[in-house]
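In order, the protein sequences belong to chains A and B.
Once you know that position 45 of the first sequence is 124 in this note's numbering, the rest is easy, because the numbers rise by one and skip nothing.
Once you know that position 38 of the second sequence is 117 in this note's numbering, the rest is easy, because the numbers rise by one and skip nothing.
The hints are simulated quantities; they were obtained by calculation from the structure and are not laboratory data.
Any given hint could be a false lead.
One copy or two, it doesn't matter: identical chains are merged, so the pair holds either way.
[Said to hold, decoys possible] Quick list of in silico lysine-lysine cross-link-like pairs, DSS-like style, CA-CA up to 27 Å:
#1 LYS209 / LYS258
#2 LYS258 / LYS233
#3 LYS204 / LYS232
#4 LYS258 / LYS232
As the structure is a computational prediction, the values presented were derived from the model and not from experiment.
Number of protein chains: 2
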Amino acid sequence: MNVLIVYAHHEESSFNAALKDVAIDTFKKLGHTVTVSDLYAEEFQPVGDERDFTHQLKKDSFHYRKEQQHAYKNNTFAADIIREQQRVIKSGVIIFQCPMWCFSVPAIVKGWFDRVLTKDFAYGKDMEYKTGGLNQKTALLVMTTGGPERIYKKNGKHGSMNRILYPITRGMLAYCGFKVLDPFIAYEVENISAQERQQYLTRYAKKLKRLFPAGF
Amino acid sequence: MNVLIVYAHHEESSFNAALKDVAIDTFKKLGHTVTVSDLYAEEFQPVGDERDFTHQLKKDSFHYRKEQQHAYKNNTFAADIIREQQRVIKSGVIIFQCPMWCFSVPAIVKGWFDRVLTKDFAYGKDMEYKTGGLNQKTALLVMTTGGPERIYKKNGKHGSMNRILYPITRGMLAYCGFKVLDPFIAYEVENISAQERQQYLTRYAKKLKRLFPAGF
């Protein structure tokens, strides 16, 4: 099986990097192949605009989604979008690994959604939810938070994590057809002990082994 | 009253531009002052990283939020962040005007949240929700969709619009202290008639006049 990890953290000493490395290691030991889209290192550009296209744009009025459809049909996306879409096509599982910023993914990941999961490729007419363009694939969101778990409970001050992530898990990923697994959230990673961090890494590796055994 | 419109659309012939222009016109007639952060035109850079800071970064490990706190305390943010924070400080009302992309704001707006609404400025210790840093201000989300209103109802295929916008309205804006008004959503703007578009613009102008009368 091929796995794509869409990874967004600046720092190789971060806990996000540790989670990413555990995933790589676990998948490799299971015989799977891993590709990492390392968004900051690759200087992924998250703004969807005319730079996304190599074809002549419609003159009178720039319409991003229509140009995306044109580009998908005519293979005229910019090189980075083609690269990311090819990585998606090749992969059975996509993991999104990033910290929670402002109750969502950082802009660099949001831009990956905007620019890569385009109409007619990932969703479209008669292509949504169960019939979405990526409905043979599985998605897993793996995120870290600054705050403790209790504030992300249904009766916590922020409301439940499921509710916060709904536009991504249901809205974006399920809409494109992905089978969306329960997110793996490591809470309060800056404040917890080294032992607690290790417990998260161990739990994460176990989860991956259970979900994607050798020969999956 | 000063109003800031954080505006994200590429195209001056778009319906987003029309909504933005109606707001400018309405506010001016009411005697208010309007500033527009025209994110695409100003080439706003949405990736939060080391370019956000003019101070010497901590050497061993880059920690974005900690560097943001340091920059806020020492006035060492990059020029675009200082400019946007000043615009926020000056304004009693902030309108976010953009299309819905992937069940959220486009990455360029998400990056504005990430980079501008920083810790200790917009939220922080003992600064959240009612005590948030921006708790004297009002926020209004004005968005357009491709799809019709019925699919954004509680029993529609996407679930309710309130649920989709929750991480922004409650999570991001209310958390920073904003009084968050009911979003103004113009549905299916590409498919509706010129008359229906005009009705949206008229309704929007009326809403603004009612909410922010002269002398507000």
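* To do: Up to 27 Å between alpha-carbons, please classify LYS258 paired with LYS233: within, between, both or neither.
  => Classified as both; 24 Å inside a copy, 22 Å across copies.
* Within, between, both or neither, where LYS209 and LYS258 count as close if Cα-Cα is 27 Å or less -> Answer is within: at 9 Å inside a copy they meet the 27 Å cutoff, but 38 Å across does not.
* Copy assignment of LYS258 with LYS232, given that the CA separation must stay at most 27 Å -> both (24 Å within a copy, 23 Å between copies)
* Asked: Between LYS204 and LYS232, at a C-alpha cutoff of 27 Å, which is it: within one copy, between copies, both, or neither?
  -> between (36 Å within a copy, 20 Å between copies)
Checked against the numbered hints listed earlier, the structure breaks none of them; every hint is satisfied.
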